[in-house]
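Participant: One line per chain: the protein sequences are A and B, in this order. Counting in our numbering, the first sequence runs from 506 upward without gaps. Counting in our numbering, the second sequence runs from 169 upward without gaps.
It should be emphasised that the hints constitute simulated quantities derived from the structure, not laboratory data. Note that this is a predicted model, so its numbers are computed, not measured. C-beta atoms are modelled at their ideal positions from N, C-alpha and C, and glycine is treated no differently. A few of these clues could be false.
[As the list claims (entries may be wrong)] Here are some chain B residues pointing at chain A (derived, C-beta under 7 Å):
(1) Arg181
(2) Gly183
(3) Glu184
(4) Tyr369
(5) Gly374
(6) Tyr376
(7) Arg396
[What the hints assert, rightly or not] In silico contact screen, one side only, chain B against chain A (beta carbon under 10 Å); selected entries:
(8) Arg199
(9) Glu274
(10) Leu344
(11) Thr373
(12) Arg398
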Amino acid sequence: MIPMTRGEDYRHLHDETSRHLRVFPAKGSSRATFTLYEDDGISMRYREGGTCRGRARSRDVFERYRAWSARDGALALPVTTITVELPVSERRPLTLRGEGVRWWQR
Amino acid sequence: MTRATAEAQAAHRSGERVYTVTRAGPPGIQRYAQTWSGDNTTSWHMLRWNIAHGPDDEPVRHVQSPATTSGGFSGPVPEPELLVRWVQNGAFSPRFIMNSWKAGGEDEHAVAAPGSATGDSRGHVSIIARFRTCTRCSGAPPLRASQRCGRCSTNFERRSARVCGPPTTSCSGPYLLVAGVVEPGQRERSVYLPRGVEGWYDFHTGGYHPAGSEVVADAPLDRIPAVRCRQAR
Numbered sequence: 506m507i508p509m510t511r512g513e514d515y516r517h518l519h520d521e522t523s524r525h526l527r528v529f530p531a532k533g534s535s536r537a538t539f540t541l542y543e544d545d546g547i548s549m550r551y552r553e554g555g556t557c558r559g560r561a562r563s564r565d566v567f568e569r570y571r572a573w574s575a576r577d578g579a580l581a582l583p584v585t586t587i588t589v590e591l592p593v594s595e596r597r598p599l600t601l602r603g604e605g606v607r608w609w610q611r
Numbered sequence: 169m170t171r172a173t174a175e176a177q178a179a180h181r182s183g184e185r186v187y188t189v190t191r192a193g194p195p196g197i198q199r200y201a202q203t204w205s206g207d208n209t210t211s212w213h214m215l216r217w218n219i220a221h222g223p224d225d226e227p228v229r230h231v232q233s234p235a236t237t238s239g240g241f242s243g244p245v246p247e248p249e250l251l252v253r254w255v256q257n258g259a260f261s262p263r264f265i266m267n268s269w270k271a272g273g274e275d276e277h278a279v280a281a282p283g284s285a286t287g288d289s290r291g292h293v294s295i296i297a298r299f300r301t302c303t304r305c306s307g308a309p310p311l312r313a314s315q316r317c318g319r320c321s322t323n324f325e326r327r328s329a330r331v332c333g334p335p336t337t338s339c340s341g342p343y344l345l346v347a348g349v350v351e352p353g354q355r356e357r358s359v360y361l362p363r364g365v366e367g368w369y370d371f372h373t374g375g376y377h378p379a380g381s382e383v384v385a386d387a388p389l390d391r392i393p394a395v396r397c398r399q400a401r
């Protein structure tokens with residue numbers, strides 16, 4: 506998985522609220538975990554818990570994908586939208602589960 | 169000197185992170201500064217060797233984030249195609265910089281004006297914007313350095329050295345392999361996809377290729393070949 510953003514505007518380098526996760530799943534059965542880490546990028550508060558983390562997991566034959574399942578740290582999640590992109594060749598059924606998952610398109 | 173700079177900066181702005189750069193340093197320099205190529209010269213030859221420079225230095229000096237000055241610092245003003253290819257490569261490096269000093273006072277940014285051939289590089293500049301936000305806020309940056317690809321680096325380096333001379337393919341972070349385009353007029357290039365992983369996805373098209381294969385990737389002026397490895401688990 507490669508974390509990117511949806512925004513392409515330099516004016517929002519420091520307050521971009523989107524995350525775009527490019528997922529490259531295994532061809533066969535597999536389990537994978539990815540942690541998306543956030544902090545303010547400027548201060549030293551990350552040493553004192555000023556962070557948050559989200560974990561993305563895929564299981565089995567990529568049938569289930571838990572997009573955002575956990576957080577920790579003292580920092581509020583600075584993201585309002587997380588989108589997921591799969592390779593165009595991926596045809597297996599997919600279910601997104603997680604906090605705030607409201608919509609997806611195949 | 170670099171350590172003193174970092175410590176002085178930390179003392180002056182104690183609540184903020186330190187950021188310094190240096191063009192040289194011994195093992196351990198990564199604790200105090202990011203490195204880059206220094207003042208390079210504008211030429212296709214320099215682009216080729218700057219790509220080789222980063223991965224080759226990393227294991228020797230433990231440099232975590234090498235970078236080069238895209239377009240070259242001194243020398244002639246880059247032709248548009250050269251600037252495009254340099255920017256494309258720089259887009260996947262951990263630090264993208266573009267500054268220059270030309271004897272005639274020209275500005276490289278004039279070459280990159282909208283409507284010029286270098287408009288083809290704008291898509292890759294947007295990649296920088298999309299990567300940088302996440303890199304900035306990530307304790308484990310998605311594109312950490314031009315480090316080698318974990319388990320596959322040895323195969324890659326041997327084959328690359330034998331076939332291509334100086335390696336023009338480098339890793340951006342642990343999973344992304346970027347194949348530089350270092351010759352004028354080149355619109356495709358052969359890319360060896362190292363073994364040691366399950367396979368490789370084309371970063372642009374999503375197409376899948378088995379490890380150990382060699383593919384000919386399209387390299388139009390608006391694209392630099394890149395693949396993302398899928399590690400077996």
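Participant: Which of the listed hints are not met by the structure?
Facilitator: 1, 8 and 9
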